[in-house]
Structure formats: C-alpha cells, structure tokens
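Peer 1: The lines below spell out each chain.
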Amino acid sequence: MKPEELVERYYDGEADEAEAERVRALLASDPASRERFERLGLIGSLLREAESARKAPADLADRVMARIAAESPKVRPKRAAAFATAAASVLALAAAVALFVRTQPTPREGSSAPLSQVSAPGAVSSLAEVSNVEPGIEPPVAIESVDFGPTQGAIFLVSAGVTDTMVVWTLDEPAPPGSLR
Amino acid sequence: MNSEPPRASNQAAPDAEAELDQTLIERAQAGDQAAFRRLVERHQRRAFGIAVALVRDEEDANEVVQEAFIRVYRGLSQFHGGSSFFTWLYRIVTNLSIDVIRRPARREQPLGDDLERELDAAPAVRGFDASDPFVELHRSELRQVIEKALDELPPYHRGVIVMREIQGMSYEEMAEAMNVSKGTIMSRLFHARRKLENALAHCKNELGRASASRGDAGEEGES
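Sequence lines, in order, name chains A and B. Each residue of the first sequence is one higher than the one before, starting from 5 at the first, in our numbering. Each residue of the second sequence is one higher than the one before, starting from 4 at the first, in our numbering.
Hints in this document: simulated from the structure, not taken from any laboratory. Hints are not guaranteed to be accurate.
[Unchecked claim] Now the stretches of chain A that chain B is said to cover, found in silico as 3 or more residues with beta-carbon under 8 angstroms:
| # | segment |
| --- | --- |
| 1 | 11-23 |
| 2 | 40-46 |
| 3 | 61-70 |
Virtual Cβ for every residue (Gly too), placed ideally from N, Cα, C.
Model the full structure from these sequences, guided by the hints.
Peer 2: Quick look at the structure:
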C-alpha cells in the first residue's frame, strides 16, 4: 500500500495497529505525509462546516407518517374483504353440508358402520377412514352424501374426548368430468 | 500537530444509540407508529445529507428520503437487526438516489468509478498546509471552494466523501450501504479527496496571485 493510502486509512480510523505504527513514524519523519494528513483534516472540517447549514425539510417526518397513514386503510379493506370472502365460502359450504346430512338409524350393536361416507374416490377415502368410529360407540349422525359442486371433497368427524369436530376437506381443483360427487 | 486520527463510526457510535434504534424498531414492528416516527426523526437529517450529496437537488433528495422511510416501514417485519438500522436505511437511500441519477434527464455526469483511471496519473498536491495562517484568513473562501468542488464530483465520489467525512461512517458501513467492496470504497475516497485537494491548491494559487497583484498595485500607488 502506498504511503499516501496508508495515511488516508489512518486518518479514517481504519488502520490496524501495525499500519498505525508505520504511519506515526511516517508523519514524524516525512513532511509531505504530515502535510497530507493535515490537509485531509482541513478538507473534512471545511466539509462539515459547509454541511452544518443543511437541514432536512422540517415536515419530512410529517410527510412520511402521512403517507404511511394513507397506505394503511388501503390495506385493511383488502384484508377484510378477503377474510369476508373466505368466511362466506365456509358458511356456504357448511350450509350445503347441513342440507345433505340426515340422521341415520342406530347401527346394530357391534357393527362398525362408518360415521361418514365419503363421496370422493381415491385418496379421499383414506382420509375418511380416520373418522371411523370405534366399535361399540354409537354415532349420532351419519353423512350419506355431500354435494361439493364442481370439486372433490370429503367430510369426517374427529373425536376428541366428549366432543366431535366436523372436518370438511375439499380439493382446490374441480373434479374431472364423470367423477363422483 | 494532532496525529490522532478520527475514529470510524463503528467505533465512535455509542452502543446506546444502536440500542435505542433497536428498541424503536421492535416497538414499530409491534405496530407503534410513534416509535417509527422517532426513528424517522433520528435519522432524517443524515439520510437527507446523503441523498443531497448523491442527487444534488433538495427536492429530489426529499422524495428519495421519504420513499426510503416508506420502504423501511414496509420492510420492518423482515429486519432482524443483522446490520445496523442506519446502514440498512442508507443502503435504500443510496439505491433510490442512484435510480434518480440514472433517470435519462439526469445523466449530466457519470456516476464515478469510470473516471478513476485518469486520476491515477494525477500528481499529488503539494504546498497546502492546514496549519498555514492562510487557511484561517481565507476560511470562508476555502469552504466555498470545497462546496463547489464537492458539487463537481461524480455522484459515487460525492457519496463516499459525505458518508465518511460528514456522516462518520466506516469503510465497512459504506461498502454495505453502497453494495460494493471496501476496496472500491477506499478507491473512491482516495480519488475524491485528490480532487478536493487539487481544488484547494488551485484556490490557494489564485488567492496568492490576487494577493500579490494587490500588493504590487499598492506599491506602485505609493511610489
């Protein structure tokens, strides 16, 4: 590294201890290096003097906060609308399910009739098996069929102690033509 | 002669300042807009100084800084304190300023690094000493000369000078803010300072000549 670059690193407080030692020796012995070091200091102080008169616009923080406030309401309605749409979809689906759920005759003792009959084929069936009741426990209702519209789906109950939770499961993609609904 | 160098900001900035920033960021992340406002107020002057240094127009700089704070606000959830808040902010300010400089209507001068080769051949400045009484006598003129010379620097060179000399940023902080290596920062600083030194030397020569000329005229008048 050239001496003048070293002096600059030292001036900037970036020299390591070995470099600093070299620069101190240089400043003590070399008038040109010493002059440059002082000149760097002069330039820095002149720049800071010139800059001290500059101020950020007085209303900058107000403007930033106003823009933030103006953006926030735009976000909220979008989220609210998305939430409302999702909630409406769930309610509509629940209503559709309710229409197709009917009370079933009590199964014969010892039978293991499924709590739900899944109308969708394939992988859905395996999910539905989760909802099979344990032998000897009488299910209150059974689902005979569910109209999922153009999509595929399944519905089953998950038991947790004394409560059962109805789970509605659907595919995002429409069912292929001719598949069960 | 005072041979103690100024300390780079990563050493000089009190930890308490960084801690206060972090506290304000956490509060802002939790939705406290008053905390975010305090962050803006704490950093707006320095951010504005860098933006002005880069774009050389206060209106543009105002827009840049506002937009930078808006982006900081939007990105608050992604900020985990890996780097200091102001380095993050300055990086955004720098990028936005460069966008402004690169607008077709603003391409009055190159950004800077492509000018360095020609400066490598420039001789070192001689004959200007801060302890010279001349400096105190002509301080206001010298300040104007430095301001003018700063204005004439290409934006990248202005940026590093302002970040280092006015904002007190370390090489590492500047490198992070400008998204370049420390070597590039050192090179930009070196060449920018050389230009400012040359401007000062030129000013001294001019003032010296003017002073000699006035002296000559006075002697002639007296005779």
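Peer 1: Now tell me, hint by hint, if it's right for this structure.
Peer 2: Each hint tested on the structure:
no.	hint	result
1	11-23	holds (count 8)
2	40-46	holds (count 7)
3	61-70	holds (count 6)
Going through the hint list in order, the structure satisfies each hint without exception.
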